[in-house]
Amino acid sequence: MRTATRRRLLAATGGGLAALAGCSRRRGPSGSLDGSEGGDGGGDSGGGENGSDGARPPTADERLPLSMSPSALREAARSGGPPKDGIPSIDHPSFVDPSDAGFLNGGDPVFGVVRDGVSKTYPQKILVQHEIVNDVLAGDPVAVTYCPLTGTVQGFERGGTTFGVSGRLINNNLVMYDRETETWWPQILATSIPGPWNEDPEIASLREFRLVWTTWERWRGHRPDTRVLSTDTGHAKNYGRDPYGSYNPQGGYYGNDSLLFPALSNDDTFGRKRVVMGARTPAGAAAFLKDALREREVISGRIGDTPVVAAYDDRLDTAYAYLNPEEATVESTDGTAVRVDGERHTPADLPLEEVHTFDAMWFAWAGYYPDTNVYE
Amino acid sequence: MSEPRPLGRFRTALGRTRTASALVFRRWDGRAVFGTVTAVYLVAYLWAVGHLAGGLGGFGVTVVADPLGTFFRPELGPFTFTPVARVDVGPVTYLLSFNTVLGLALAALVGLNLALSYLAWRQPKACGIGERSTGLLASIPALLSGTACCGPVVLLVVGVQASGVLLTAFQFLLPAAAVLLVGSLVLVGRQVNPAAVRRSPEAGQPSRQ
Numbered sequence: 000m001r002t003a004t005r006r007r008l009l010a011a012t013g014g015g016l017a018a019l020a021g022c023s024r025r026r027g028p029s030g031s032l033d034g035s036e037g038g039d040g041g042g043d044s045g046g047g048e049n050g051s052d053g054a055r056p057p058t059a060d061e062r063l064p065l066s067m068s069p070s071a072l073r074e075a076a077r078s079g080g081p082p083k084d085g086i087p088s089i090d091h092p093s094f095v096d097p098s099d100a101g102f103l104n105g106g107d108p109v110f111g112v113v114r115d116g117v118s119k120t121y122p123q124k125i126l127v128q129h130e131i132v133n134d135v136l137a138g139d140p141v142a143v144t145y146c147p148l149t150g151t152v153q154g155f156e157r158g159g160t161t162f163g164v165s166g167r168l169i170n171n172n173l174v175m176y177d178r179e180t181e182t183w184w185p186q187i188l189a190t191s192i193p194g195p196w197n198e199d200p201e202i203a204s205l206r207e208f209r210l211v212w213t214t215w216e217r218w219r220g221h222r223p224d225t226r227v228l229s230t231d232t233g234h235a236k237n238y239g240r241d242p243y244g245s246y247n248p249q250g251g252y253y254g255n256d257s258l259l260f261p262a263l264s265n266d267d268t269f270g271r272k273r274v275v276m277g278a279r280t281p282a283g284a285a286a287f288l289k290d291a292l293r294e295r296e297v298i299s300g301r302i303g304d305t306p307v308v309a310a311y312d313d314r315l316d317t318a319y320a321y322l323n324p325e326e327a328t329v330e331s332t333d334g335t336a337v338r339v340d341g342e343r344h345t346p347a348d349l350p351l352e353e354v355h356t357f358d359a360m361w362f363a364w365a366g367y368y369p370d371t372n373v374y375e
Numbered sequence: 000m001s002e003p004r005p006l007g008r009f010r011t012a013l014g015r016t017r018t019a020s021a022l023v024f025r026r027w028d029g030r031a032v033f034g035t036v037t038a039v040y041l042v043a044y045l046w047a048v049g050h051l052a053g054g055l056g057g058f059g060v061t062v063v064a065d066p067l068g069t070f071f072r073p074e075l076g077p078f079t080f081t082p083v084a085r086v087d088v089g090p091v092t093y094l095l096s097f098n099t100v101l102g103l104a105l106a107a108l109v110g111l112n113l114a115l116s117y118l119a120w121r122q123p124k125a126c127g128i129g130e131r132s133t134g135l136l137a138s139i140p141a142l143l144s145g146t147a148c149c150g151p152v153v154l155l156v157v158g159v160q161a162s163g164v165l166l167t168a169f170q171f172l173l174p175a176a177a178v179l180l181v182g183s184l185v186l187v188g189r190q191v192n193p194a195a196v197r198r199s200p201e202a203g204q205p206s207r208q
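Going line by line, the protein sequences match chains W and S.
Reminder that position 1 of the first sequence reads as 0 in numbering that gives the first Met the number 0, one-by-one numbering, no gaps.
Reminder that position 114 of the second sequence reads as 113 in numbering that gives the first Met the number 0, one-by-one numbering, no gaps.
Source of the hints: derived by calculation from the structure; they are not laboratory data.
Among the hints, a few may not be true.
[Stated by the list, open to error] Pairwise CB distance ranges, derived in the manner of DEER restraints:
1) W/ASP267 to S/VAL88: 41 to 51 Å
2) W/PRO223 to S/ALA168: 17 to 27 Å
3) S/GLY89 to W/ASP304: 56 to 66 Å
Bear in mind the structure is a predicted one, so any value in this text is a computation, not a measurement.
From the three backbone atoms N, C-alpha and C, an ideal C-beta is built for every residue, glycine too.
Bound-form chain W, shown alone (with noise of 0.2 Å):
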């Protein structure tokens, strides 16, 4: 392991691992991207309860921590020029097949998810038009949601409310609202701050899921039973425009240095747009850089005083992050398996505590947690 940087988080909520059940907790194969195969999950974004006071969307047992108080980052939101639902989420999602899914080229990238043996495929084509999905998965209400600016995709229990975009950034970073209490929730925080029209909201996170960014051509390899978010989304939005640029090829907004606002961190420790894994606790934030990740396959590090370790996944491209305070001998082998105590096991589904991790551009997450742990 070499620490680029080391710098504690300010822990907003206190330590320990009793804390971090609320935010990392596993769902065991269920939640797992290797779980069995399911049915389709609907696709009806109806409402419904989750375990939810009433509407509200259900939150964590523990806060994710803040760098900076709910009221200072409401002061540090601006407007993205579009106003509250400009942008306009999709509430009544439709999914096909990867048969009918010929407007998806196998480069292009795409949102995976698989709940309870259901898998489903949130094309980036589609999400850039509307930052949130308002969906049913596997009976859950959830949202899918992607901020462009920040290259960040995060999936959200909703209970029975929706999402919507507020038309307000932070640290260039997309500010969800929910429809029941009108609640501002910035998107990489995952935590509620005060609004306009909820000034006075309870400052708590809410519950997350992993969705694994990856293109078209791995997850379809990878999970050929998925079904695809369609372009029939009810609005009249053309998907084949991007119109921050490209991933694939990589251009425009997503491949240089420039932002469109004001980043809440100016750190130039590597550039801008460079991707990690970040994961967060209660504890404490840590990121991976990701094309570390692919070059090294495992890569240690520390959430706070507890030791984690990150493990790349060579079919997805991506990696997952888990809590290892026994400090278990972590190996790769060749990219799709890795040793954890001599015994082998898929990055997905190590013996460990899972923490949930996602992509993000470096400023984005230096930004937001000033404090983080680095490894590359």
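Keeping the supplied structure of chain W fixed, place chain S upon it in accordance with the hints.
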């Protein structure tokens, strides 16, 4: 004769502008310039706001559930409206929205300005026009007003980060373009000598007089 009051001068300018505009449509070459410029500008405007662009391919028309109720709904920024239909024609996708109506109005103003400029250059004496129009320059702000998700992406090309001041300024680009175009039209129109126009031939002559 006493100097006309400002209102009177304005009325005179408007009257002469109407005469000059009518002149454009009385001549075949005026109509040709107007039609061509209007069409080209409309295409450029729709391209700038992202409502005419390369798409996913194929052929088809998709209409949203409530097109009439959606037609005037704001979308990504000031003076951008929600598309109510998507038309896929091979490699090109067109989005129908109120922006097409706005773009057409702006394009007609640009077309009129340039058609008058053309006549001023081509046959200034017969048309009674003393100055060229500046309509092309006035049309640029409207093209810059094109916005996409999360702000004026055009700033990325310039390499400037968007600020509150710039976002506010963007709100005024389209109305500013409209005002400038009408203003330049009136400026040219007030130069028209109605007596000279009356003497001019009904049909356009290709030769410079």
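Pairwise beta carbon distance, W/PRO223 to S/ALA168, judged against the given window 17 to 27 Å: With Cβ atoms ~51 Å apart, the hint is violated.
If I claimed the Cβ atoms of S/GLY89 and W/ASP304 lie 56 to 66 Å apart, would that claim hold in this structure? Once the Cβ atoms are compared, 60 Å apart, the range 56 to 66 Å for W/ASP304 and S/GLY89 holds.
At the C-beta level, are W/ASP267 and S/VAL88 separated by a distance inside 41 to 51 Å? holds, 46 Å
Comparing the model with each numbered hint stated earlier shows that hint 2 is the single one that does not hold.
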